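S.K.: The lines below spell out each chain.
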Amino acid sequence: MTTSVISADTTPGAATAARGSIELRQVRKTYGDVVAVDELDLVVQPGEFVTLLGPSGSGKTTTMMMVAGFEEHTSGSVLIDGKPVDALPPRERNLGVVFQNYALFPHMNARENVEFALRMRKIPRAERRERAEAALERVGLGGLGGRRPRQLSGGQQQRVALARSLVFNPAALLLDEPMAALDKRLREHMQEEIKTLQKSLGISVLFVTHDQDEAMAMSDRIVVMKDGRIVQSGPPEEVYAHPLTDWVASFLGDTNLVPCTVLERHGSEAVVDLGGLGIGRVQDRGVVGERYAVSIRPEHLKFRPGAPEENGGTGTMVSSTNLGATIRHRITAGGHELQLRELSSESTGRSGAAGEVHVGWDAANAQLLVLEG
Amino acid sequence: MKRSKTTSPRPQGRAQGRALALLSLPVFAFLVIPTAIVVPVALNDSRYITFPPEGVSLAAVQGFFEDHAWTTALSASLQAAAIAVVLGVLLGATAAIGLHGRKFPGQPAVVGLILAPMIVPTVVLALAFYQFFISVGMVGSIIPIGLAHAVIATPYVYLTTRASLAGLNPALVRSAQSLGAGALSILRHVYLPVILPGLVSGALFAFSVSIDETVMSLFMQSPSATTLPVKMFTDIQFNLTPKIAVSSAVLVTVATVGLLLQVIYVLRRRSTARMLPLAV
Chain E
1 MTTSVISADT TPGAATAARG SIELRQVRKT YGDVVAVDEL DLVVQPGEFV
51 TLLGPSGSGK TTTMMMVAGF EEHTSGSVLI DGKPVDALPP RERNLGVVFQ
101 NYALFPHMNA RENVEFALRM RKIPRAERRE RAEAALERVG LGGLGGRRPR
151 QLSGGQQQRV ALARSLVFNP AALLLDEPMA ALDKRLREHM QEEIKTLQKS
201 LGISVLFVTH DQDEAMAMSD RIVVMKDGRI VQSGPPEEVY AHPLTDWVAS
251 FLGDTNLVPC TVLERHGSEA VVDLGGLGIG RVQDRGVVGE RYAVSIRPEH
301 LKFRPGAPEE NGGTGTMVSS TNLGATIRHR ITAGGHELQL RELSSESTGR
351 SGAAGEVHVG WDAANAQLLV LEG
Chain L
1 MKRSKTTSPR PQGRAQGRAL ALLSLPVFAF LVIPTAIVVP VALNDSRYIT
51 FPPEGVSLAA VQGFFEDHAW TTALSASLQA AAIAVVLGVL LGATAAIGLH
101 GRKFPGQPAV VGLILAPMIV PTVVLALAFY QFFISVGMVG SIIPIGLAHA
151 VIATPYVYLT TRASLAGLNP ALVRSAQSLG AGALSILRHV YLPVILPGLV
201 SGALFAFSVS IDETVMSLFM QSPSATTLPV KMFTDIQFNL TPKIAVSSAV
251 LVTVATVGLL LQVIYVLRRR STARMLPLAV
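Sequences listed follow chains E and L, in order. Mapping to our numbering: the first sequence position 226 is 226, numbers consecutive. Mapping to our numbering: the second sequence position 233 is 233, numbers consecutive.
Since the hints were made in silico from the structure, they are not lab data. You may find that some hints are simply not true.
[Claimed, not checked] Derived DEER-like restraints, expressed as beta-carbon distance ranges:
| hint | chain 1 | residue 1 | chain 2 | residue 2 | range |
| --- | --- | --- | --- | --- | --- |
| 1 | L | Ser75 | E | Gln151 | 46 to 54 Å |
| 2 | E | Ser56 | L | Gly167 | 19 to 27 Å |
| 3 | E | Gly146 | L | Gly63 | 53 to 61 Å |
| 4 | E | Leu88 | L | Thr253 | 23 to 31 Å |
| 5 | L | Phe28 | E | Leu88 | 55 to 63 Å |
Here the structure is a predicted model, which is why all the values come from computation and not from measurement. The beta carbon of each residue, even a glycine, is placed where N, CA and C say it ideally should be.
Could you put the whole structure together from the sequences, leaning on the hints where they help?
M.R.: In structure tokens form, the structure reads like this:
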């Protein structure tokens, strides 16, 4: 689907000129003295699912609203299908938008909601009815077109919102935390459904969320935002496995962060002083004498039979919590509180045991991260 | 199985409700009786206004509707009210929509200006309007009275519309925009369904404000523009007939019918909302 859109023509700009691309060039948004979004560069390729991930106030929603045209950017340029849309009002941008609480028209039934965009485009009644029914069918709501939004469940309302935003063949789809109002089980189900729909339509999606699991599950690419800037951008696995800073590591999944200083370097390996945890070795870059943080994901921290000489230490168990599939242990060692997560099925029954424990990690699983705060 | 305990406090609640009803009754009577008393007086079989009535007769009512001076006054009142309702709804509703969700320097002043006619003493407004319409040469018809009534009706429509707009989800406007709707389509498909109840009650307020208004109508009256309250006021000084009571009864009836219509409208909206089965 996407391959046909991105043609063999590899001249710069050719890919962005293809249908469905969204591009932001040096986009900046200020409210008085407050900088909401700062010199943002971002490209969503045709057919790509890109997630803007960040805490509230990171500028992700503002960025999306600028793409949709609801917010005016202070400087920079937004391009859709390779054409600048800065001067276009939202209704001429031809983007499907799904809002946080779906924003369905309460006095219209599901089919009328879906038909709305076609009606605005002066499409004849018979055709728009047919297309609306087809769109509802595609999201699994065939036969429910006559229901009012308040007669539909949260998940159904969301499907109507999706059908409504897709029925007029928009250039791309913008989704603003569309799953925030759903319970966990339904949310996971809808994640898969939206992803499947997006793949089968080959439509570009710009997705906004603060939910890292959602971002991991759905995205082709995650763009992590903080304070109006992009901190890191890449495929979900890469961002998770190789976060650029300590902040990204702790925002995208749980992690243990141990402050450290680089003592010496041997080729690609750095020896670090972990304070109370002694000496560690990491496969990473780093400047001798500089302060960093070592990040060890809880699933990579392991119990050791004896006190490790490096990459670990001895401490005491604070608590153990059984989360069903996994058990989360909290351990204090060397003045740090560490989190260790193990599969319940592989648990060695330490759960209840208080007292001294030895923990450690493999050098390959530790990351040396730039301190950001 | 959880068993709720909500059944036990109910008798106490019922007793409280009864006590409240008992207390409310005299207050209710105090408010309603002076208004209701005009009806028996209007139906009195007498050539003068007397109470208690001496017999029941529709003679005065018939006399009222056969008297050209009175029917002209009623018609003048209805014309002024029509102008007040149409203009008041247009101005009040557009002001409420225009100011909705917007913040700009001087906005409180704009709102204050819209609401000012509710606060400024009517006699001051009456004098101002009188002088203004004299200077532009408009006195002598019902139009200036209708325009003046529109000014005092507008804040009511503004307030009821603003109240109904509080229930508007701002994302609805954005989603309509993203789906390709222009300003007029948004007005029709997003704003109108939400503000309709506010518009209806605002229009009824505007109507009753205008029908009831005396001071301004008195200042701007002329032989060809005498509203019902003005006619009542001038007649009561030298021509005390039961027709005055009839005209009061007419006003009370018009107001009551208007109120009932509104109640029916609200109840119907509620019941249609309730009749729709909710999703599980």
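S.K.: Each hint needs a verdict: does it hold in this structure or not?
M.R.: Evaluation of the provided hints:
For the hinted restraint 46 to 54 Å between L/Ser75 and E/Gln151, the CB-CB distance of approximately 48 Å keeps it satisfied. Roughly 25 Å separates the CB atoms of E/Ser56 and L/Gly167, a value that falls within the hinted 19 to 27 Å. For the pair E/Gly146 and L/Gly63, the supplied restraint of 53 to 61 Å holds, since their beta-carbon distance comes to about 57 Å. Separation of E/Leu88 from L/Thr253 is about 56 Å and departs from the stated range, judged on CB atoms against 23 to 31 Å.
The given range of 55 to 63 Å is respected by L/Phe28 and E/Leu88, whose C-beta atoms sit roughly 60 Å from each other.
Hint 4 from the earlier list is the only one contradicted by this structure; the remaining hints agree with it.
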